[in-house]
Each structure stands twice: as structure tokens, then as C-alpha cells.
Amino acid sequence: MAAPTSFNTTKPTVETKEKVDYFNLPCPIPYEEMHREALMSLKPEVFEGMRFDFTKGINQKFALSHSVFMGPTEIPSQSSETIKIPTAHYEFGANYLDPKLMLLGRVLTDGRVNARVKCDLSDNLILKANAQLTSEPHMSHCMVNFDYKGKDYRSQFQLGNGALFGANYIQSVTPNLSLGGEVFWAGQHRKSGVGYAARYSTDKMVATGQVASTGIVALSYVQKVSEKVSLASDFMYNYMSRDVTASFGYDYILRQCRLRGKIDSNGCVTSFLEERLNMGLNFILSAEIDHRKKDYKFGFGLTVGE
Amino acid sequence: MASNRGKGKGTKGSKGVLEEEESVLKRVNAWTNWTLKKAKGIAHYGFIPLVIIIGMNSEPKPHLYQLLTPV
Numbered sequence: 001m002a003a004p005t006s007f008n009t010t011k012p013t014v015e016t017k018e019k020v021d022y023f024n025l026p027c028p029i030p031y032e033e034m035h036r037e038a039l040m041s042l043k044p045e046v047f048e049g050m051r052f053d054f055t056k057g058i059n060q061k062f063a064l065s066h067s068v069f070m071g072p073t074e075i076p077s078q079s080s081e082t083i084k085i086p087t088a089h090y091e092f093g094a095n096y097l098d099p100k101l102m103l104l105g106r107v108l109t110d111g112r113v114n115a116r117v118k119c120d121l122s123d124n125l126i127l128k129a130n131a132q133l134t135s136e137p138h139m140s141h142c143m144v145n146f147d148y149k150g151k152d153y154r155s156q157f158q159l160g161n162g163a164l165f166g167a168n169y170i171q172s173v174t175p176n177l178s179l180g181g182e183v184f185w186a187g188q189h190r191k192s193g194v195g196y197a198a199r200y201s202t203d204k205m206v207a208t209g210q211v212a213s214t215g216i217v218a219l220s221y222v223q224k225v226s227e228k229v230s231l232a233s234d235f236m237y238n239y240m241s242r243d244v245t246a247s248f249g250y251d252y253i254l255r256q257c258r259l260r261g262k263i264d265s266n267g268c269v270t271s272f273l274e275e276r277l278n279m280g281l282n283f284i285l286s287a288e289i290d291h292r293k294k295d296y297k298f299g300f301g302l303t304v305g306e
Numbered sequence: 001m002a003s004n005r006g007k008g009k010g011t012k013g014s015k016g017v018l019e020e021e022e023s024v025l026k027r028v029n030a031w032t033n034w035t036l037k038k039a040k041g042i043a044h045y046g047f048i049p050l051v052i053i054i055g056m057n058s059e060p061k062p063h064l065y066q067l068l069t070p071v
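One line per chain: the protein sequences are A and B, in this order.
What the first sequence shows, in UniProt numbering, is residues 1 to 306, in sequence order.
What the second sequence shows, in UniProt numbering, is residues 1 to 71, in sequence order.
For the record, the hints were derived by calculation from the structure and aren't laboratory data.
Hints are all accurate, no fakes.
Distance condition first, Cα-Cα at most 27 Å in a straight line; then the derived BS3-like pairs of lysine-lysine:
#  : chain 1 : residue 1 : chain 2 : residue 2
1  : A       : Lys-56    : B       : Lys-61
2  : A       : Lys-100   : B       : Lys-61
3  : B       : Lys-40    : A       : Lys-100
4  : A       : Lys-191   : B       : Lys-37
5  : B       : Lys-61    : A       : Lys-118
6  : B       : Lys-61    : A       : Lys-61
7  : B       : Lys-26    : A       : Lys-191
8  : B       : Lys-38    : A       : Lys-128
9  : B       : Lys-40    : A       : Lys-191
10 : A       : Lys-128   : B       : Lys-37
11 : B       : Lys-37    : A       : Lys-118
12 : B       : Lys-40    : A       : Lys-128
13 : A       : Lys-118   : B       : Lys-40
14 : A       : Lys-118   : B       : Lys-38
Pairwise CB distance ranges (calculated):
#  : chain 1 : residue 1 : chain 2 : residue 2 : range
15 : B       : Leu-64    : A       : Glu-227   : 42 to 50 Å
16 : B       : Trp-34    : A       : Ile-75    : 28 to 36 Å
17 : A       : Tyr-153   : B       : Leu-36    : 27 to 35 Å
18 : A       : Glu-136   : B       : Lys-15    : 37 to 45 Å
19 : B       : Tyr-45    : A       : Lys-151   : 37 to 45 Å
20 : A       : Thr-174   : B       : Leu-36    : 39 to 47 Å
21 : B       : Lys-15    : A       : Glu-32    : 47 to 55 Å
Just so you know, even glycine gets a beta-carbon here, dropped at the ideal spot from N, CA and C.
Produce the complete structure using the sequences and hints provided.
In C-alpha cells form, the structure reads like this:
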């Protein structure tokens, strides 16, 4: 009585470890975007008040945007109390996106202009410029970056107004690990600094660390628990001013919404929800509760257009 | 006497060269400051019109009314 037994006799497959080709490493993430997973999960753009953004696409490459904001704005104050002034402004923007050239311009009702330019000068060389221009003298800022992308390294040279010079370099050391360093010199404030950074990433996690001679040590860790959920944590320590901040947050990317929340060691709890009501219509809710300073910020908004 | 004359000319000559260098530097500095101020003014008022002009001339060419209507 041989019972027909047909079942899969699959031998446990032994994963053959691929030999690492050290001459064919992937290109690393740009130096300033090293913490981007942690930044996206832990630092959503919280706001207070009402926000309405409307983006109208005129062309594949050209779009205009209109944005209205009404709400209290914090102004920096010396005392521990937060001073808020109710403001309302309208912002008009024009975007031109080409594979080789990107121009972004925004102008506010008080005359401030925000301009961003990204131009591919060649296959490997990219020019980026970022400027905030105001009518008041000496309050405008401008920063120009030249990025060079090599086979498994990236280097960048920065020029800013006020005699600000910076350079950074990042190299892929193994398929998962990349190390980099940066140097900057600020002529106006007579300050200079050196920093080092490392990033280790796999399919499921990203860990980054950064040390700078300005006294900052920043570590972050992001774990992708599933397709929809990731958890992130961040630790920042300033050894000059003995300031420590640790935060822990979550990021749920669901079909119709994206929910991000975090809790801080400064007693700050933040939550940010983006709900897709319809194609091109997004509803935004933002909340930031600072228990230590007793500062409660709630905001809501609507985004129309892509 | 000849040596004294030579020395006198020598010191005046070197001071003159130094002054010339300083004034050239000052002029270059003033000129770069002037161009930066003008460039900032041009960028402040002209960047957004520039983006709009480049956008309106891209393919497929949009009409002017598409710029103004909200839909």
C-alpha cells in the first residue's frame, strides 16, 4: 500500500555569497542626503495654521503654483517664551523641469524671492544654486554647488555669500558602506570645520553617523519593518554646548495616506498625516505638542494638483 | 652723490608700485561689489519672469490664457 506521496522535497537552498567586486561598487548617496531616510521619517514639515497649495500644470515641463498660508509664525526670542505673530501670505511659484535643467522660483507677498536652479553641465557635473533674495540689504543668501559624480564616489564644492567655502567627498567602500568627509570655511564669521560621515545601508535598514569639529555628533538608524511601515530613531549630541536630543518615530505609508509621528527627548510629540482624498487632492493635518515649553501647534491644509 | 640719488629714486619707486597695487586692488574690489549688487537686483526681479518665459517657449507651446486661468 504505497500511498502516493507526492510532496516537494526541496532541499534548503544554500545562498551562494556573491563575491564582492571592489572595482564595481555602486555610486554612493550624495553627502548632504546621507540622512535622508531618517529625515523623511522624523522631520515632516509641521506647520501651524491653514495652508492651501494649488499646483497647475501648464505643460509637461512647466507648472505654476499658488499657495496661501494663514497662521501664527514664531519669531526667535531671547527668553524662554515663544512669541508668535499672526501672519498671512500668498506665494506664487513657477517651476520648469527638464531632464537637464530645473528652475524653481517662488515669490512671496512681502517681496522675498526664493530661487533654485539645477543644471546638468555634463554627464557627471551638476551645477546647483539656491538663493533667498530680499529687498533689505545684507539679508540675502546665495549658495552655489558644483557636484561631480564619479564611478563610485561623489565630490562637491560649495560657494556661498559671505565668503563661505565648502567641499565634501564620499566614497563607496563596500556595496553597503560608504564613508565621506567635509571641510568648510566661513570667512565672515572666521570659522572653519571638518566633518566625517559614514553610512551603512542594506535592503532593510540604514544606519548613518556623522561627526563634525563644530561639536556635533549625529547618529541615525532606520529600519524598514515592512513595505508599509518603517521605524526611525535619531540621536544628536553637541559636545560644545552639552546639548543632547534623541527622537524615535514611525512612518506608515498606506494606500490612501501617509502617517508620520515622532517623540522627542525634549518632550515634543509630533504627528503628520497626508490623506489622499482623490486624484490630485490631498488633505494634510499636522500637530506638534511641546510639553516642556507648553507650545501647542495644530495645522490643517489642502493640496491640489500634483 | 650718485648713490644717494639712486637710493632716493629706488624708495620712491617701490612706494609708488605698492600704492599702485593697492589702488588696483581697491578698484577691483569696488567693481566686483558693484557687479554683485547689480546681479542680485537683476535676479530678484528677473528670475521668475525668466522661468515663465522659458516655460512658455517649451514644447508643446502653451497659450497665454493658460497662464491666467485657474483650471
